[in-house]
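Visitor: Sequence:
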Amino acid sequence: MSKVLYRVYRPSLFDEVSGQSHVVKTLQNQYASESLAHAYVFTGPRGVGKTTIARLLAKLVNCLSPKKNEPCNTCAACVAVSSGTALDVFEIDAASHTDVEHVRETIIQSVRFAPSSLKKKVYIIDEVHMLSGSAFNALLKTLEEPPEHALFILATTEIHKVPETIVSRCQRFDFRKISSEELVARMQGIVKEEGVKVDVDVLEAIAKHSGGCARDAESLLGQVLALGEKQISMKEASLVLPATAEILVEDFVAALQQSDASQAITLLNTYLDQGVDLHQFLSDTTSWLRDRLLESVSGKQTALDTDFLQRTIGELLAAERLIRSEHIAQLPVELAIIRICTAAAKKKDFHEQEVDSVRVEKVMKAVEIVQVKDEVVPGFSLGAIERAVESTVFDTIPVISIDEVKEKWPQVYEQIKSCNASLPLFMNSCEVCDVIGDRVELGFEYDLYVQTVNQDKNRRTIEDVFEKVLGKRMRVNAIQSKRPEEETVQELLTEFGGSVI
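To convert, note that position 413 of the sequence shown is 413 in our numbering; the numbers rise steadily by one, no gaps.
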């Protein structure tokens with residue numbers, strides 16, 4: 001059975017705390033100058049040391065023989081606080097005791113009496129934001145006029161949910177995520193104590209997966225040490241470490257960039273089936289996209305444009321906030337994928353329209369050259385101008401007529417039926433709207449059909465069939481055509497000379 005490392009190696013001195021030197025130094029200076037506050041609020045991410053420092057402060061203010069602003073850890077008071085048997089130190093989990101009655105019984109009624117054995121009564125309220133409104137109101141009066149022997153330490157991961165009236169009566173300390181370097185250094189100390197050699201790249205991978213949380217890092221390290229090896233490299237550690245994120249992320253982002261919602265959703269669910277943690281994957285993805293965004297704004301070459309990066313990061317962050325409230329955890333992410341891919345596809349289509357408008361403008365200029373006073377402009381032969389015009393307008397002249405495409409459409413449809421099971425359901429209701437150069441415009445009544453056909457995989461399938469049937473490589477673009485009911489209304493208006501009101 002593996003050890004719970006974050007309990008075994010919980011810091012017993014302020015000097016052993018990682019990543020919160022700004023909090024530690026301030027508290028120790030206040031203690032030295034006898035200017036400790038009567039109430040503190042510790043806020044920050046989970047697993048970064050809020051409760052640990054609260055317990056250390058409880059030991060320090062009650063220690064019988066402190067040394068250099070540190071608890072001695074040997075006196076009766078320190079031993080009692082460390083073991084959790086001190087009657088004057090109250091640890092309250094607000095998440096499971098939200099009601100006002102518990103606050104009255106545990107705090108308000110007891111705080112009036114002097115400590116039974118220690119110098120101070122210390123009340124550590126974890127996840128304080130979970131208290132009810134009435135419980136906060138009851139606590140407020142005690143914080144306004146606390147007895148000299150009381151010390152309150154409120155810890156929370158969601159400071160915005162704590163009433164300002166409470167926060168304003170406390171000294172606030174903001175805890176930070178712990179850097180990878182500090183986590184690695186801490187884990188190196190642990191593995192040395194455990195008598196195990198763990199390669200530094202394994203520790204770095206653990207630190208990366210923990211997201212700045214010491215508790216998560218030590219839990220994951222415990223799983224690695226439970227392998228029972230005396231020397232652990234990445235080969236052994238990979239048995240318990242989460243899947244390497246970068247390759248998964250790059251494949252996922254590539255599907256988003258290609259507007260292939262089907263592929264991106266398939267990849268997401270495949271990763272989850274393989275045991276990848278959804279929150280961790282989203283964190284890895286947004287981190288990877290952020291790195292690309294910073295490269296882009298700093299002028300470095302990147303294959304991803306800034307708009308795509310900003311939009312994708314925003315959508316994934318919004319989806320992550322919704323995960324906890326959904327029965328199907330990945331549903332908000334799947335919806336975000338569809339929005340990202342739809343926006344990318346629309347931008348691509350808009351770009352193609354811009355290109356077409358530029359081509360038309362070039363054609364008009366070329367025609368003007370030929371028609372100037374029905375003469376050839378000096379310095380240019382008529383043949384040269386004709387070739388220039390032909391070169392300019394080539395992309396807008398149909399490679400094949402729309403009538404020929406419509407005539408061959410039944411063959412195209414039958415070929416699609418023979419090579420794809422789902423596409424015929426969509427293609428059965430489409431119409432050939434136009435042929436522009438080598439591009440065939442296919443019209444559909446519903447936007448869902450348009451998105452499905454425009455997915456890279458489906459579009460390539462249709463284009464391959466066109467090449468077989470027509471003997472020419474055609475590009476396919478699905479568009480939303482006028483709905484039948486709209487056409488009927490328009491015909492009636494035309495017939496009777498009416499208008500829509």
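The set of hints was computed from the structure by calculation and includes no laboratory data.
What you are looking at is a predicted structure, and each value in this text was computed from that prediction instead of being measured.
Fair warning: there could be bad hints in the mix.
To be verified - In the EDC-like style, the derived pairs of lysine to aspartate or glutamate whose C-alpha atoms are separated by at most 16 Å in a straight line are:
1) 197 <-> 164
2) 208 <-> 158
3) 208 <-> 277
4) 408 <-> 431
5) 472 <-> 431
6) 230 <-> 273
7) 417 <-> 464
8) 457 <-> 407
9) 120 <-> 164
10) 230 <-> 174
11) 177 <-> 199
12) 406 <-> 447
13) 141 <-> 105
14) 230 <-> 277
15) 141 <-> 164
16) 25 <-> 15
17) 177 <-> 216
18) 468 <-> 407
19) 120 <-> 148
20) 468 <-> 434
21) 68 <-> 105
22) 235 <-> 204
23) 406 <-> 438
What the hints assert, rightly or not - So the derived label-pair ranges between C-beta atoms look like this:
24) 79 <-> 269: 15 to 21 Å
25) 325 <-> 87: 38 to 44 Å
26) 87 <-> 295: 53 to 59 Å
27) 322 <-> 15: 24 to 30 Å
28) 164 <-> 192: 43 to 49 Å
29) 204 <-> 279: 17 to 23 Å
Ideal Cβ placement from N, Cα and C applies to all residues, glycine included.
Visitor: None of the hints should be skipped; say for each whether it holds.
Guide: Hint-by-hint comparison with the structure:
With a CA separation close to 49 Å, the supplied pair residue 197 and residue 164 exceeds the 16 Å bound. Taking the CA atoms of residue 208 and residue 158, the gap is about 23 Å. The hint is violated against a cut of 16 Å. Distance restraint check for residue 208 and residue 277: the Cα-Cα separation of roughly 14 Å lies within the 16 Å cut-off, and the hinted pair is therefore satisfied. For the hint linking residue 408 to residue 431, the alpha-carbon distance of about 12 Å falls within 16 Å, and the restraint holds.
The hinted pair formed by residue 472 and residue 431 fails the criterion: a straight-line CA distance of about 20 Å is larger than 16 Å. The hinted pair formed by residue 230 and residue 273 fails the criterion: a straight-line CA distance of about 32 Å is larger than 16 Å. Taking the CA atoms of residue 417 and residue 464, the gap is near 13 Å; set against the 16 Å cutoff, the hint holds. About 25 Å separates the Cα atoms of residue 457 and residue 407, which puts this hinted pair outside 16 Å; it is violated.
Taking the CA atoms of residue 120 and residue 164, the gap is about 26 Å. The hint is violated against a cut of 16 Å. Between residue 230 and residue 174 the CA atoms are separated by roughly 39 Å; this puts the pair beyond 16 Å, and the hint is violated. Under the criterion of a C-alpha separation no larger than 16 Å, the hint pairing residue 177 with residue 199 is inconsistent with the structure, at around 23 Å. A hinted pair counts as satisfied when its Cα atoms are at most 16 Å apart, and residue 406 with residue 447 does not qualify at roughly 22 Å.
A hinted pair counts as satisfied when its Cα atoms are at most 16 Å apart, and residue 141 with residue 105 qualifies at roughly 15 Å. Between residue 230 and residue 277, the direct Cα distance comes to roughly 28 Å. Violation of the 16 Å bound is thereby established for this hinted pair. Distance hint between residue 141 and residue 164 is fulfilled; the C-alpha atoms sit about 14 Å from each other, no more than 16 Å. In summary, the hint linking residue 25 to residue 15 is supported, as the alpha carbons are separated by about 10 Å, within the 16 Å threshold.
Taken as a hint, the residue 177 and residue 216 pair is honoured in the structure, with Cα atoms around 12 Å apart against an allowance of 16 Å. With a C-alpha separation of about 15 Å, the suggested pair residue 468 and residue 407 falls inside the 16 Å cut-off, and the hint holds. At most 16 Å may separate the alpha-carbon atoms for a hinted pair to count; residue 120 and residue 148 meet this at roughly 8 Å. A distance of roughly 20 Å separates the Cα atoms of residue 468 and residue 434; the hinted pair therefore is violated under the 16 Å criterion.
Distance restraint check for residue 68 and residue 105: the Cα-Cα separation of roughly 37 Å exceeds the 16 Å cut-off, and the hinted pair is therefore not satisfied. Our distance criterion of 16 Å between C-alpha atoms is met by residue 235 and residue 204, whose separation comes to about 14 Å. Our distance criterion of 16 Å between C-alpha atoms is met by residue 406 and residue 438, whose separation comes to about 15 Å. Range check, residue 79 to residue 269: Cβ separation about 52 Å, and the 15 to 21 Å hint is violated.
As the Cβ distance of residue 325 to residue 87 is approximately 40 Å, the hint placing it in 38 to 44 Å holds. Taking 53 to 59 Å as the suggested C-beta distance range, the pair residue 87 and residue 295 conforms, at roughly 57 Å. Roughly 41 Å separates the CB atoms of residue 322 and residue 15, a value that falls outside the hinted 24 to 30 Å. With their beta carbons about 46 Å apart, residue 164 and residue 192 fall inside the hinted range of 43 to 49 Å.
Between residue 204 and residue 279, the C-beta spacing of about 20 Å keeps the proposed range 17 to 23 Å intact.
Violation of the numbered hints given earlier is confined to hints 1, 2, 5, 6, 8, 9, 10, 11, 12, 14, 20, 21, 24 and 27; the remaining hints are satisfied by the structure.
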